[in-house]
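Residues in the sequence shown are numbered from 1 upward in steps of one, following our numbering.
Please note that the accuracy of each hint is not assured.
With a Cα cut of at most 25 Å, we get these calculated SDA-like pairs of lysine to any residue [unchecked claim]:
#1 LYS96 / PHE158
#2 LYS196 / ARG151
#3 LYS96 / GLY129
#4 LYS196 / GLN135
#5 LYS196 / GLY185
Computed beta-carbon distance windows for the label pairs [unchecked claim]:
#6 GLY185 / ARG101: 20 to 30 Å
#7 ASN88 / ARG180: 41 to 51 Å
#8 GLY159 / GLU19: 17 to 27 Å
#9 VAL133 / LEU166: 15 to 25 Å
For the record, the hints were derived by calculation from the structure and aren't laboratory data. Where a beta carbon is used, it is the ideal one built from N, C-alpha and C, also for glycine.
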Amino acid sequence: MSYWKHESAIVDDGAELGEGTKVWHFAHVSPGARIGARCALGQGVYVGNDVRIGDNVRVQNNVSVYDAVTLEDDVFCGPSMVFTNVYNPRAAVARKNEYRRTLIRQGATLGANCTVVCGNTVGRYAFVGAGAVVQRDIPDFALVVGVPARRIGWMSRFGERLNLPLQGEAETICPHTGDRYRLQGELCELIEEGTKEQ
1 MSYWKHESAI
11 VDDGAELGEG
21 TKVWHFAHVS
31 PGARIGARCA
41 LGQGVYVGND
51 VRIGDNVRVQ
61 NNVSVYDAVT
71 LEDDVFCGPS
81 MVFTNVYNPR
91 AAVARKNEYR
101 RTLIRQGATL
111 GANCTVVCGN
121 TVGRYAFVGA
131 GAVVQRDIPD
141 FALVVGVPAR
151 RIGWMSRFGE
161 RLNLPLQGEA
171 ETICPHTGDR
181 YRLQGELCEL
191 IEEGTKEQ
């Protein structure tokens, strides 16, 4: 077994977990789940069948990653944050054939107790603040907070706020890494990787 699990955790036959992944107390990984290397699934985490998780992902305590959710590499899911997969659930109406896919792109952070409504994409290295409710797609590097989540700034790959306006034309450099970012309109992009060690 290339991964480690606590004796109280359940990893169903058929699940695939990569080298160095750790599954902590009372977690449950369903048989169809595909999880990459060096991931950490905290206490009480649930991972559904139709779930894909990349490498180096951190899923903190009490998070349920339901069917139709994909987490790319280096995603951070804060404690007790919430995914959904049915937009208009009713206990008496079966809607398993209506799941809306949710995509969390590389390096994104989902803060504690935030909610990501199904059918949306959170962009690369975006940062969703604690308690926010994501109801629409979030662009790369965006910092969003509130209910519903609204953009209040931009974040670096390092996880620090960038010195950029909300929109317009501007450039800045991350002081930690030397990465250079460009804002064009309402989109931010990494245009040059720095040479400083992180």
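request  = Assess, step by step, whether the Cα of LYS96 is no farther than 25 Å from the Cα of GLY129, and give holds or violated.
outcome  = violated (30 Å)
message = So if I understand the rule, the pair passes when the alpha-carbon distance is 25 Å or less; does LYS96 with PHE158 pass?
response = With Cα atoms ~38 Å apart, LYS96 and PHE158 exceed 25 Å; violated.
ask   = Would the pair LYS196 and ARG151 pass a check requiring their Cα atoms to be no farther apart than 25 Å?
value = Violated, at about 28 Å.
request  = Hint says 20 to 30 Å; check whether the CB-CB distance for GLY185 and ARG101 agrees.
outcome  = Because 27 Å falls inside the window, the suggested range holds.
query = Hey, LYS196 versus GLN135, does the alpha-carbon distance stay inside 25 Å?
reply = Violated, because 36 Å separates the two Cα atoms, which is more than 25 Å.
task = Could you grab the alpha-carbon distance between LYS196 and GLY185 and see if it respects the 25 Å cut-off?
result = violated (28 Å)
C-beta pair ASN88, ARG180: status relative to the range 41 to 51 Å that was hinted = holds (43 Å)
inquiry  = For the hint 15 to 25 Å, verify it against the beta carbon of VAL133 and that of LEU166.
reply    = Holds - the Cβ-Cβ distance for VAL133 and LEU166, about 20 Å, lies within 15 to 25 Å.
task = Kindly confirm whether 17 to 27 Å is satisfied by the beta carbon distance between GLY159 and GLU19.
result = About 25 Å separates the Cβ atoms of GLY159 and GLU19, which means 17 to 27 Å holds.
Checked against the numbered hints given earlier, this structure breaks hints 1, 2, 3, 4, 5; the rest are met.
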